[in-house]
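S.K.: Protein chains in written order, with this note's numbering: chain A, 9 to 222; chain B, 9 to 222.
Honestly, the hints are just simulated from the structure, not real lab data.
Quick caveat: nothing in here was measured; it's all calculated off a predicted structure.
One or more hints might be untrue.
You can't tell identical chains apart in this list, so a pair holds if it fits in one copy or across any two.
As the list claims (entries may be wrong) - As a list, the in silico PhoX-like pairs of lysine-lysine whose alpha-carbon atoms are at most 25 Å apart: (1) Lys137 with Lys210; (2) Lys210 with Lys110; (3) Lys137 with Lys154; (4) Lys154 with Lys164.
2 protein chains.
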Amino acid sequence: MQIISSSTIQTWERFYRANFINSLTGFKSASLIGTVNKIGKTNLGIFSSLVHIGSDPALVGYINRPVKAAPHTLANIQATGVYTINHIHTPFLEQAHQTSAKYPDEVSEFEEVGLTPEFLDNMVAPFVKESKVKYALTLEEILPIKLNNTFLVIGKVQQVKLDQNILLPDGFLELDKAGSICSNGIDGYYASHLIDRFEYAKPNLETKRISRNR
Amino acid sequence: MQIISSSTIQTWERFYRANFINSLTGFKSASLIGTVNKIGKTNLGIFSSLVHIGSDPALVGYINRPVKAAPHTLANIQATGVYTINHIHTPFLEQAHQTSAKYPDEVSEFEEVGLTPEFLDNMVAPFVKESKVKYALTLEEILPIKLNNTFLVIGKVQQVKLDQNILLPDGFLELDKAGSICSNGIDGYYASHLIDRFEYAKPNLETKRISRNR
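Please take these sequences and the hints and turn them into a complete structure.
M.R.: Quick look at the structure:
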């Protein structure tokens, strides 16, 4: 085992450090965030720093980088109050990654990378038609993180559209069956398979595995 | 495809909703957080809501549930200012899950579940000896999320200990090789394998894959 100190990390080249630190936190749930600006132009961006905040109410957060580095998604969410989060699957992974390029504001990443905007009901933010697990959110709060000028953007889940074949009788979604990817580092994407599910843990009891085929 | 509204989600039974909403955000980087209380008693808990905040400085966040539901880790971090985050691997996954049981404050989860505390230098917080990727953090900020009484706890990476065989020449960590798990829903754990890595995306350029065996 190797030991690395923060002073060593400080000396590293930018991309080396970014890969390393982005790997430390483990596998991340990279997803595509769909928005529109004030005049209805669609925008799509890949974000890997999603975080579950709570189930009741259903709150989901993501970290938005400093405004200079990643302006469009945040500005659109502030302007319209709504956005969508869409799982990424292997067949359109290259297109999803390509949305991380810095396109000018007047360009829609949907058109540039070849993904299809999909609109539901009266929600102005676009979903990704190709995605099998997607949800619309309303903006609840933006918490500035002054330490590095990033933001925790928190939304409330308003509507979910998904492939019903992955929904189990206990509410669990078989994301491996949907082929949802996760990410690691700044540029690595992974497929996952279930090891096991476990029962709710209680003190002094042996942990029991829940068979998948129950 | 099935469409589900927030009013339907509201009607669901608590665990059904928790599984569903915890699956929506995708695969999560479940890890073990190691702390000590004021009198040096060790504590270990599994947390699945880790989030990368930034690489320079190296900042990692996690969501702590309301104090009533999850008091010990947060109180210990506030008391000592330090904690460790430890990747979970399949051989000790059952023990890791078992740390989610509500043990009383005077009990160390290390002893209860059979994992080994490991101390480095003058850091008072314990690492998990069995983990191949682990890091120590100093508390930087606790941001209260008033929407549901949770907290975003942000720490700065101070020291990393890892299996050097998984560190690539560009700083990327091969977490699949380390066997780091990720989680989904409230009780599902997954193994992952690399699909591919991609080059830094630029507008108007074809995305090029980076071969793993470069």
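S.K.: If a hint holds in the structure, say so; if it doesn't, say that too.
M.R.: Going through the hints against the structure:
| no. | hint | result |
| --- | --- | --- |
| 1 | Lys137 with Lys210 | between (42 Å within a copy, 24 Å between copies) |
| 2 | Lys210 with Lys110 | between (48 Å within a copy, 6 Å between copies) |
| 3 | Lys137 with Lys154 | neither (36 Å within a copy, 34 Å between copies) |
| 4 | Lys154 with Lys164 | both (23 Å within a copy, 14 Å between copies) |
Comparing the model with each earlier hint shows a violation of hint 3 alone; every other hint is respected.
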